[in-house]
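Chain V is fixed; fit chains U, H and P onto it per the hints.
These protein sequences, in sequence, are chains V, U, H and P.
Okay, so the first sequence: first residue is 1 according to my numbering, each after it adds one.
Okay, so the second sequence: first residue is 1 according to my numbering, each after it adds one.
Okay, so the third sequence: first residue is 1 according to my numbering, each after it adds one.
Okay, so the fourth sequence: first residue is 1 according to my numbering, each after it adds one.
Among the hints, erroneous ones may be present.
Copies of the same chain are indistinguishable here, so a pair counts whether it falls within one copy or spans any two.
Stated by the list, open to error - As a list, the in silico DSS-like pairs of lysine-lysine whose alpha-carbon atoms are at most 25 angstroms apart:
(1) Lys8 - Lys75
(2) Lys99 - Lys269
(3) Lys75 - Lys99
(4) Lys49 - Lys198
(5) Lys269 - Lys167
Just so you know, the hints here were simulated from the structure itself, not pulled from any lab data.
There are 4 protein chains.
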Amino acid sequence: MSGNTFGKLFTVTTFGESHGLALGAVVDGCPPGLELTEADLQRDLNRRKPGTSRYTTQRREDDEVKILSGVFEGKTTGTAIGLLIENTDQRSKDYSKIKDRFRPMHADYTYAHKYGVRDYRGGGRSSARETAMRVAAGAIAKKYLRQRCGIEVRGYLSQLGPIAIEKVDWDVVETNPFFCPDESKIESMEGFMQQLRKDGDSIGARLTIVANNVPPGLGEPVFDRLDAELAHALMGINAVKGVEIGAGFDAVVARGSEHRDEITPQGFKSNNAGGVLGGISSGQDIVASIALKPTSSILVPGETIDVDGNPVDVITTGRHDPCVGIRAVPIAEAMVALVLMDHFLRHRGQNADVQVATPVVPGATPDSAR
Amino acid sequence: MSGNTFGKLFTVTTFGESHGLALGAVVDGCPPGLELTEADLQRDLNRRKPGTSRYTTQRREDDEVKILSGVFEGKTTGTAIGLLIENTDQRSKDYSKIKDRFRPMHADYTYAHKYGVRDYRGGGRSSARETAMRVAAGAIAKKYLRQRCGIEVRGYLSQLGPIAIEKVDWDVVETNPFFCPDESKIESMEGFMQQLRKDGDSIGARLTIVANNVPPGLGEPVFDRLDAELAHALMGINAVKGVEIGAGFDAVVARGSEHRDEITPQGFKSNNAGGVLGGISSGQDIVASIALKPTSSILVPGETIDVDGNPVDVITTGRHDPCVGIRAVPIAEAMVALVLMDHFLRHRGQNADVQVATPVVPGATPDSAR
Amino acid sequence: MSGNTFGKLFTVTTFGESHGLALGAVVDGCPPGLELTEADLQRDLNRRKPGTSRYTTQRREDDEVKILSGVFEGKTTGTAIGLLIENTDQRSKDYSKIKDRFRPMHADYTYAHKYGVRDYRGGGRSSARETAMRVAAGAIAKKYLRQRCGIEVRGYLSQLGPIAIEKVDWDVVETNPFFCPDESKIESMEGFMQQLRKDGDSIGARLTIVANNVPPGLGEPVFDRLDAELAHALMGINAVKGVEIGAGFDAVVARGSEHRDEITPQGFKSNNAGGVLGGISSGQDIVASIALKPTSSILVPGETIDVDGNPVDVITTGRHDPCVGIRAVPIAEAMVALVLMDHFLRHRGQNADVQVATPVVPGATPDSAR
Amino acid sequence: MSGNTFGKLFTVTTFGESHGLALGAVVDGCPPGLELTEADLQRDLNRRKPGTSRYTTQRREDDEVKILSGVFEGKTTGTAIGLLIENTDQRSKDYSKIKDRFRPMHADYTYAHKYGVRDYRGGGRSSARETAMRVAAGAIAKKYLRQRCGIEVRGYLSQLGPIAIEKVDWDVVETNPFFCPDESKIESMEGFMQQLRKDGDSIGARLTIVANNVPPGLGEPVFDRLDAELAHALMGINAVKGVEIGAGFDAVVARGSEHRDEITPQGFKSNNAGGVLGGISSGQDIVASIALKPTSSILVPGETIDVDGNPVDVITTGRHDPCVGIRAVPIAEAMVALVLMDHFLRHRGQNADVQVATPVVPGATPDSAR
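Next up, chain V with everything else stripped away, as it sits in the complex (with noise of 0.2 angstroms):
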């Protein structure tokens, strides 16, 4: 197991159900001195927080974070950073119905085959609800990267089902309960949800995610690269299917003399590389995108096994996203965030920019000869 943590030099180690007491996080790695509240992480919780609008789940979460430690009069120490959510709404009958049959397509059938033990309580450690302490660790390094260098980590919905945006306007994207970028797709998407939901079916998303001012230089080939760690980050993340960096499948029908992003003095002429180049960033937009699939939890009646492996229908009465992709722009920021933060740290070091006041008194030499 040990799988909890992620990061080399910042990293963020969580645990926590869905049904559990409370979910957590340890963000360690965090330099001193940056300024810190709860109310700097509640801001991405709560755009990820479900029952915000009737597109998603209708389910009541919170979520609200406490830090614990690792702060002092304001600002980070240095130490780690312990964060908390206590779980509020938990109801567990909902999921009596599904208590003995595997969901097609859900993780309770490989953990029942890893662990021996079944958490059917909404998924135990396998549900989304996992996310919510990513969000929280990735909002911390989305404001060190935002002051320290400018860095800013911005993502939205590039296409709902069949509907694939046409333009990125950023001011759009926190308007509508999609994250999409696109004023004119908003109303197809709004209809397309609607049917949807009448349907009792899910439909799969594809989310980009977008960072500017990332100084050329991060990564450590050859295992270490920015876009593997990023493809690391991004396919963990839960329905997650497909990864690309820049132009992605797009390169697989590219000819070199289109592909390639021709360099002159005034700029880069193209952005196909997705901002990473030999697995470091080359100082262009790093730009990724991710494919979701649709959730399993569905009305639709589909066939299965119970535990014991007898043939059994299943249908999925819960409370859940008719397309998980929407709310996972958070998630996915974070994640992208948590990866340039990593290895900021490990190319800058983590404490270059450390402000110390104390006077350095002389060493003891006579005793160093023991």
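For chains U, H and P alone, kept in the frame of chain V given last:
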């Protein structure tokens, strides 16, 4: 830096530049008792080796690997396995023309920004030459996985530029220079590549890797998921811009009712998950696909800058692959094998199946009271 | 930073300051199926807890631990175990006197140099209060080791200042406030401590930890040797200045002919090795001893400087242990248990003994041909 | 297994057996721009090399190291540095006598238990021969530390069996075969060793390592403390049974009022802490001492068992050091340097002082809207 090690329990650490004295690797964590000879590694190295067909670079690389340690009397001892390949063909002069100018879409630009130095000799550490060591290390993992629990890791070219395969016949894969599994596509691929060479251009490709007989239970939620680490491993291969698990980006337009892999006592009805649920192997085939960009080293002139920032033209006259994707099949197989090997050991233990004949001698209890 | 995680497969990540809101830990990698309740952890926490005798600080710390995740229906699930202890007694005013002056031999001087900030509240993160979480995590390891393969990890006070024990009677250890295993020494220890308190001074101590029934084979040469990781674990405890395995420093004056532990079919004739040969457990008892320095928080005035570098006197009137070594026994036991647990899992696998009842369903082979 | 890598940012991975084809290492994480030649490594390798005096084994090992990668035009490039030493003198026949019997106090017993195989050729991987690579890697760290911030890491023999030094004169250390810093003790050490050789016996030793000019702030609480990682590094050296930082075990009998290192504006009044407070360097000299056991490979017959468990006598007639401690000075220096290097990079960043001349080209913003 220190990004040259991959894996947690089964680790591979590599070194070497395209035009240095040698390439090497340390494979650490291989269980004892595995029969291993250089021939086991050479087979895959030859599959990757350039100059074997007119569709790859004519650069000669013998890639003869030596096992320097970790094997005694024909079997692994459980200690670190040292591997070495001496570089023979190093024609640096080929690269003198681009000594002082950055190739568009090439790592030399970012290496210069990260390290402040520039090894212009064929890309130095950023050259795909480095991947020879991944293939050698992967061959050890492949042999262990095959012998220990019948896991078979194989790959094929699923698309060459515009030409996509329509069927997979494993018997065909090794019979043609493209690793193409579809007999009916080979001729058109040959024609396409010949025209491409005439144009002095390059093309992208799509590869698919399949692992059979993977037991359920491999993968460590929440961050070290099997699919996340596969994405890390595959996106870390030179020129890869996209990674898919199972249905991948097709999931974006899919509905839950059609996408979910329904389960019956007779078996799963589909494998859109690609063998991974909640980051843990399900027992289905692991299926991963990757997109490789066209190489930027082409004969078509392009705009770039020199090391002083002046605008210049660039043409790469070195001996390069018009489609780097072709030779990447053994590399991708190796990376998938390394991930599966690592997770197999994390799950089952490094010495779970070691036979020990040595008699256990009772301890000297009086001495413990010290 | 990011130094708050210990272990490789069985990892413990802690957070919390002596006067913050709470202390916490994430224990990751515990195999599923272990029966675990808060009482299992509380026992060792109470052994470490201050204020239980007149020979330790009178500071009140309830140290009531809560298990927040990773346990379902009374058994571990294999997922991350979240632990929390809320701070109750925080009398910060005790420390106001030393708010602006460095205590000689205390970490606040180096923390100020490293982080540029200073949490003067009882040492903040550098306080031994942090070790409560090590004890809680260690209790989980101890229970697993005991149940899984009969390994018992126990410790005792082998020397209190000038008073060295002469015999080890395990039945005596828990009957006195010193963890002293030698009945005949308890009275003199009491007298010594009373005089020490009168003097307002502190004293060093030596502890010995013994692990019985450790199977041969634990430890990973060449750098992750069992003895090396024990040294890491034990030297990392507050106030520890020396670590010995087996004969330790007595080996300096020993001859090979007398020091070597000869072997007979009936058993080893001695255990100068302390149960470790070549970094691997031999099957003999693991024996480690540590030296703890006297606390620097005493009533005897001493010279130091203030935060501006001016010479000042310092007296620590807070409630401190005259001998921090005494309460360190459960901490040292915990650290030894954490190391053994980690190496046991590395050797035997995390899920080696997991019982899985779930039926395995055949894969959908056609789909792998994608 | 996978215990053959040391360090977090500056990592060293080694391979090789005493009688294999070669020893090797990969040094990863060395900042670019450091002037480095094989001569820089050879100096320390020669200090460790056997056969240089009549007081060490007469086994001939040329230990000529080759740098295979990571250095271009005389300077490090920031990529992995590959090191290789080919084995020349391998006289396996020396060991045929003990082929089937375990040497008391020797690793071959535990290796057999762990791996189920036994490389009887001079200890295979457990041979101190492996430490040659630590010395080579350590030499790189030493050079960087010296040039980058004037840190000097040096060691000496502080006790040979019963003969303890009384003064430290650094100018004397390299003038005698014992690394003894006390002119007045050399003659008695020579006499002692001659008698020991006559007896066919071996003896223990104590070494002390000192690092000057270490800046305050190195070390990552709470688990990756500088002293904890020094203990890990030093206890991991063959034959080491004890590690002390500063006063070490003398702290057991010390009172706080005498032990604490008082601080004045003119400097610390003592260095009982050995340069580390709370796991962080204080700016005082880092002082560490280690105890090395006498080798078990002696001419005095001893009891043991053979591989079938039968009682047998054992005599080791191979060419062995009567005091392995002597040659361990350069090894211990190397391990201390590796720890300091790693923590320096963690603290200050890997590329903090890299000079980059390459012009930064503006990004192609339109492309980020994909």
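Consistency of the hints with the structure:
Only within a single protomer do lysine 8 and lysine 75 lie at most 25 angstroms apart by alpha-carbon distance; the minimum there is 23 angstroms, versus 27 angstroms between protomers. Taking the shortest Cα distances, lysine 99 and lysine 269 sit within 25 angstroms of each other only across copies (22 angstroms), while inside one copy they are farther apart (56 angstroms). With identical chains, the CA atoms of lysine 75 and lysine 99 are at most 25 angstroms apart between copies only, with a shortest distance of 18 angstroms across copies and 46 angstroms within one. For a Cα distance limit of 25 angstroms, the shortest separation of lysine 49 from lysine 198 inside one copy, 23 angstroms, qualifies, whereas the shortest one across copies, 56 angstroms, does not.
Within a single copy, lysine 269 and lysine 167 get their C-alpha atoms as close as 19 angstroms, which meets the 25 angstroms cut-off; across copies the closest is 38 angstroms, which misses it.
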